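Asks: As a plain string of letters, each chain reads:
There are 2 protein chains.
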Amino acid sequence: MFNNLCIIGVGLIGGSVARAARKHGLCKKITGFGRENDLQNLELAKKLGVIDDYNLNVEAALTGVDCVVIATPGGSLEAIFTLLKPFWRDDIICTDVGSTKANVFSAAERVFGEIPNNLVPAHPIAGAEQSGVIASVDDLFVAKRLIITPHKLTDPLAMQRIWSFWEKIGAKVVAMDANYHDAILAATSHLPHIVAFAMVDLLGHKDEQSAIFQYAAGGFRDFTRIASSDPTMWTDICLANKHEIIQLIDDLKDELTKIQQCLQNDDQQKLFNTFNYAGQARQRFLRIYEN
Amino acid sequence: MFNNLCIIGVGLIGGSVARAARKHGLCKKITGFGRENDLQNLELAKKLGVIDDYNLNVEAALTGVDCVVIATPGGSLEAIFTLLKPFWRDDIICTDVGSTKANVFSAAERVFGEIPNNLVPAHPIAGAEQSGVIASVDDLFVAKRLIITPHKLTDPLAMQRIWSFWEKIGAKVVAMDANYHDAILAATSHLPHIVAFAMVDLLGHKDEQSAIFQYAAGGFRDFTRIASSDPTMWTDICLANKHEIIQLIDDLKDELTKIQQCLQNDDQQKLFNTFNYAGQARQRFLRIYEN
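If you're matching them up, the sequences are chains P and S in order. Residue 13 is where the first sequence starts when you use my numbering, and the numbers rise one by one after that. Residue 13 is where the second sequence starts when you use my numbering, and the numbers rise one by one after that.
Hints were generated in silico from the structure; no laboratory data involved. Please read these numbers as outputs of a predicted model, since none were measured by experiment. C-beta atoms are modelled at their ideal positions from N, C-alpha and C, and glycine is treated no differently. Certain hints may be false.
[As the list claims (entries may be wrong)] Cross-link-like lysine-lysine pairs, in silico, DSS-like; alpha carbons within 27 Å at most:
| no. | chain 1 | residue 1 | chain 2 | residue 2 |
| --- | --- | --- | --- | --- |
| 1 | P | K270 | S | K265 |
| 2 | S | K282 | P | K254 |
| 3 | S | K265 | P | K218 |
| 4 | S | K218 | P | K184 |
[As the list claims (entries may be wrong)] So the derived list for chain S, only partly shown, Cβ under 10 Å to chain P, looks like this:
| no. | residue |
| --- | --- |
| 5 | V123 |
| 6 | K265 |
| 7 | Q280 |
Assemble the whole structure, with the sequences as input and the hints as a guide.
Replies: If you want it as structure tokens, here you go:
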């Protein structure tokens with residue numbers, strides 16, 4: 013479906029896109045692009061057979077390429093668009109895999125002056141607390157949701173090709189507005205990550221004083237799993253979506269204050285109702301998630 | 013090691029104590045005690061072979077018994093001590109399995125006037141989001157921490173027998189002061205549960221408006237697993253340890269406010285440091301947990 017795929021950022025996600033594209037015969041060649049400090053990783057990716065070759069020169073890396081996948085931490089988007097700009101062609105489709113989407117358009121607008129019609133942002137809702145090309149697999153996206161966020165300027169044919177690409181990889185594709193995407197993901201992903209980081213930061217300092225981690229169990233392990241996610245990537249995600257997240261943290265603090273009041277007033281019934289509603293809501297989530 | 017074990021509250025934990033005691037030959041007979049509304053559950057426990065028999069009359073249930081295990085939600089402790097009081101004997105050792113410990117002594121003091129020297133509170137740090145005798149297993153406590161919280165009035169021999177009982181079941185036993193136990197567990201267990209409940213309560217209401225749960229993934233599933241815990245049990249635990257918990261919620265709200273300020277000020281470095289510290293602290297926890 014593509015001739016030559018260029019992956020920028022051959023880590024867990026970029027590497028898994030490459031492996032999946034190869035497995036399903038969706039391109040003839042896969043090139044990695046990076047800068048000097050990516051050299052070791054690109055060598056490894058080539059050695060693992062994830063990419064056919066790599067190039068540290070952007071003009072050479074884009075020669076013959078008809079699809080570019082940007083899979084670097086979101087904070088680097090503007091720098092990457094700036095690198096690509098002199099060699100940007102209408103016959104390339106450019107997509108990304110970041111966890112926030114409005115920032116892709118704003119970065120592109122700052123660099124290109126307007127949003128290019130061949131830019132189709134996408135967000136595969138898949139990942140793991142591991143990172144790096146060594147952790148990449150060819151089935152990371154199978155049966156996972158993938159959200160495409162086209163702009164009103166986006167070429168419908170470019171969008172259709174990206175949609176089809178992800179569908180062939182096995183993802184369940186939907187399209188929605190970038191701002192709506194960011195509001196949804198702030199709730200279901202960004203807020204939980206921040207709370208897990210905040211909790212482990214808080215308890216980690218207490219543990220340094222009194223070794224409380226000795227008495228933490230499996231519930232704590234699962235609750236904090238996402239606090240082992242890549243800190244660089246999550247710093248970028250949270251800053252890119254900060255307005256949604258700041259509001260949600262306010263909501264959560266209000267919710268926690270309500271629980272404190274129940275405790276203070278020994279309001280057993282209200283506390284039970286809150287916990288019980290939460291348990292039922294989670295059942296509703298599980299029914300959706302498992303289907 | 014005991015002749016006749018009486019289990020009050022034959023659910024996940026009580027049933028698993030019974031199964032483990034039987035497996036390791038730690039008693040000759042296991043009796044369940046409950047009230048009219050426990051009848052169906054006691055019938056099931058007997059049918060499953062978890063208990064040998066049950067009794068709805070407390071005097072009869074305690075005949076020949078030398079160890080009583082209270083495994084009901086913590087809120088019922090005072091009522092149970094009141095039921096037991098007329099038939100309390102020096103040759104019975106009484107223990108419980110609740111997640112909070114200072115409240116065991118305060119409930120006993122209210123009922124008995126002073127803390128009985130044959131009361132040895134214990135807390136197995138093991139559980140699951142399932143509940144009920146149907147979920148009970150004979151190895152729930154193997155390699156799990158178990159904390160005994162003796163009082164200065166506690167008979168050392170009674171404590172030794174309870175220690176030995178749990179050790180034979182496979183638990184890793186430690187002893188500590190009840191108040192210290194409650195402070196530690198507030199941090200590693202009670203606060204995470206409350207935050208998971210609070211988060212799912214918050215997002216559950218949002219989901220009712222815009223179906224956000226469709227876009228939640230495996231990270232959210234694990235983060236919220238403990239929000240599926242039994243709401244009755246957790247209402248009791250949180251109320252029993254409310255002073256510790258209220259303070260910790262304040263700490264967490266302060267931590268969340270600090271993160272909001274990083275976001276507001278685009279303080280990338282400080283945000284990264286927080287996330288990075290959390291990731292490293294979690295590694296420290298995992299090294300302890302996995303050994």
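Asks: State for each hint whether it applies.
Replies: Tested hints:
1. Straight-line distance between C-alpha atoms of K270 (chain P) and K265 (chain S) comes to about 12 Å, which keeps the hinted pair within the 27 Å bound.
2. Between K282 (chain S) and K254 (chain P) the CA atoms are separated by roughly 15 Å; this keeps the pair inside 27 Å, and the hint holds.
3. For the hint linking K265 (chain S) to K218 (chain P), the alpha-carbon distance of about 16 Å falls within 27 Å, and the restraint holds.
4. Between K218 (chain S) and K184 (chain P) the CA atoms are separated by roughly 23 Å; this keeps the pair inside 27 Å, and the hint holds.
5. A hinted interface residue such as V123 (chain S) counts as satisfied when its beta carbon comes closer than 10 Å to some beta carbon of chain P; here the least separation is about 19 Å, so the hint is violated.
6. The interface hint given for K265 (chain S) is met, as the beta carbon of that residue sits about 5 Å from the closest beta carbon of chain P, less than 10 Å.
7. With a least beta-carbon distance of about 6 Å to chain P, the hint placing Q280 (chain S) at the interface is held under the 10 Å criterion.
When held up to the earlier numbered hints, the structure conflicts with hint 5 and nothing else.
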